[in-house]
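Peer 1: As given, the protein sequences belong to chains A and B, one line each in that order.
One point on numbering: in my numbering, the residue at position 172 of the first sequence is 172, and numbering is uninterrupted.
One point on numbering: in my numbering, the residue at position 285 of the second sequence is 1285, and numbering is uninterrupted.
Hint data in this document are derived by calculation from the structure and do not stem from the laboratory.
All residues carry an ideal CB built from backbone N, CA and C; glycine is no exception.
Please note that a few of the clues may not be correct.
Here are the computed lysine-lysine pairs in the DSS-like style, where the Cα-Cα straight-line distance is at most 30 Å [said to hold, decoys possible]:
| id | chain 1 | residue 1 | chain 2 | residue 2 |
| --- | --- | --- | --- | --- |
| 1 | B | Lys1311 | A | Lys185 |
| 2 | A | Lys185 | A | Lys235 |
| 3 | B | Lys1311 | A | Lys6 |
| 4 | A | Lys152 | A | Lys6 |
Far from chain A, by Cβ distances over 10 Å, these chain B residues were calculated [to be verified]:
| id | residue |
| --- | --- |
| 5 | Glu1033 |
| 6 | Trp1050 |
| 7 | Glu1375 |
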Amino acid sequence: MPMIKKQNNKISLGIFDFTDCEGCQVKLISLREKFLQLEKNLEIKAWRLGQEKFEPGPYDIAIVEGTPIMPEEVELLKKVRENSKILIAFGSCAALGGIPAILSEKERKYWYEKIYGPNYKPRGIEAQPLSFYVPVDVIINGCPVDENEVLKIFEALLAGKKPYPFDYPVCYDCKKRGNECRILKNLPCLGPITKNGCNAICISGGSPCYGCFGLRDGANIEALIKILEKIVDKKTVALYLSMFHKKDIKYDQQ
Amino acid sequence: MINNEFIAKIEGHGNLKVDWKKNKVVLEIKEGERLFEGLLFNRPAEEAYWVTPRICGVCPIAHNLASLNALEKAANIKLAEPIQLLRDLMQCAQMIQSHTLHLFFLSLPDYLEIDRGTELKRKNPDAFKKALALKELADNLAIISAGRNVHPTTPTLGGFNKLPAKNDLTQILKQLEQTQKIAEWLPMFCETLNYPELKVNLELITIRNDAIHSSHGDVISVNNYKENIEEEIREFSTAKFSKFRGREVMVGALARLYFEKNNYPLDFQNPFHNNLAQAIEIKFYHQKAIEIIEKLLTFNLKKYLEKPEIKWSAEARGIGAVEAPRGGLYHEIYINEKGLITFINIITPTVQNLTSIEKTAQVLIEQHALKSQKEKEKLLNMLVRAYDPCITCAVH
């Protein structure tokens, strides 16, 4: 990953969003005072959601949220890559393909007609992570991203350092928060194979963990699948894995 | 070369194309097809209210509430009083959150001669401090009532997985007392803004007690939403455009306030006043949040953690209808006896507003004909932003 140096005490930034919910950008704004602190070090050259001012680059850092669904978005992604030193995949859609990747190309074709009717000319393509098209330097995971993780990663980048990956599972923080283990309660959970950084927020709220923070290094997927298959049927295992892992875990439910 | 072909400071990707020779406006929507109604097919009912918030990061709570509402009707679940109160509190949080974000970050910069919302810190430090206080309050309200500020984690069918502790409620009540003056100040501040002149024969519609009310007098049950809000497929759009009984209508804050008594100088024929209406609603929902929390504090919430057992019948159907920040939101969901989703239809507020935006943009060009093209372009962008469209919702 290339290192970046401040010019006039600033680092130039472009923020881009492809097809998605824009919730990760909302999280960025939710940093409030802390966002202002970051902003002092940044020259924001492009940010469609936040400003009219627009400069075509080059950027020291480009944040890309969402996943390209329109072919034009793939082209834009390639141009952003060419014009940026560091490219950040921001949130699960950018990092993993996200919720939109639940549908395969074939399924998309079926639903275009169901939803838009037979005369509609579809424009979209199958959702893929950004890394399918271009090299990605930094991944900020989550659906949505977590404020504290965004801060940690940005502080490292602004100091000219490579951000440390979070190399332990969701279970670690889940225990710290005093949650009863879902798996011990016979409820499916992808926490054991998932990177931390979320502070086990979904499980703490009583929701399942679908692994939106992505696979941790050395995740023992096979072992977890064996455990899940003892708790629930294969179709349910497949549903859990399909929420965010359509692109990186192949699972045959037959 | 990277270029910016989309309207800045709105959620999602759209553009008003104007043929200046013919003075003709077309609204183009270029968000990729999202197909949420397809990707939920054959998935468990409980995933609906977990997945639909991902339609929109600005109004995820509204989608969560609409899906829950649809499924609870389908399963014939009646909510206990404090559970309903907490759901209403989620709605308050959503309204204050979304309106604050829209006003200070997306639309007010047009009136205050700044570009990025954070420039307000220099231009008007006091107003900026107040904006941050409201944002913090709204995020905290969302966290206490729904588990997270973006994409809820605690609400579930018939209730909540986790309920707020008494201490959390008294804390947020204190914070509400501190922001009360700000909530009262905001509408006065927005009253002083110089809204562009525009006179449109606007028809405003809103949902009240499971009925759709129009300012032109129509009242229909939400059960008939689909026959009355007809969607149209357009060539240059991945979003559908809808009309209410064949007519362009506006939904959202201005429409809701048409049906509420208030003393503010709102002009219901000028869509720019939607900005003022949002400020008034922040005050309204701020007050409502205080009242709800005071009531919640009289309950022993721990008693309400138990949720009803659900048995899906073969033909379970429900229509969830809620007022989202941008207007009436409908989720219609069918579930089979295995508890799987067999059909889901979603109509969002912005789908309803798109047709009105286009019509009003046309009126704006005519009524401001003497202005330069550049001035007109600026006004058109301001107009689109005043409607607070959410293209990501519209495409869903």
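Peer 1: Are any of the numbered hints broken by this structure? If so, which, sorted upward?
Peer 2: Checked against the structure, the hints that fail are numbers 3, 5 and 6, while the rest are satisfied.
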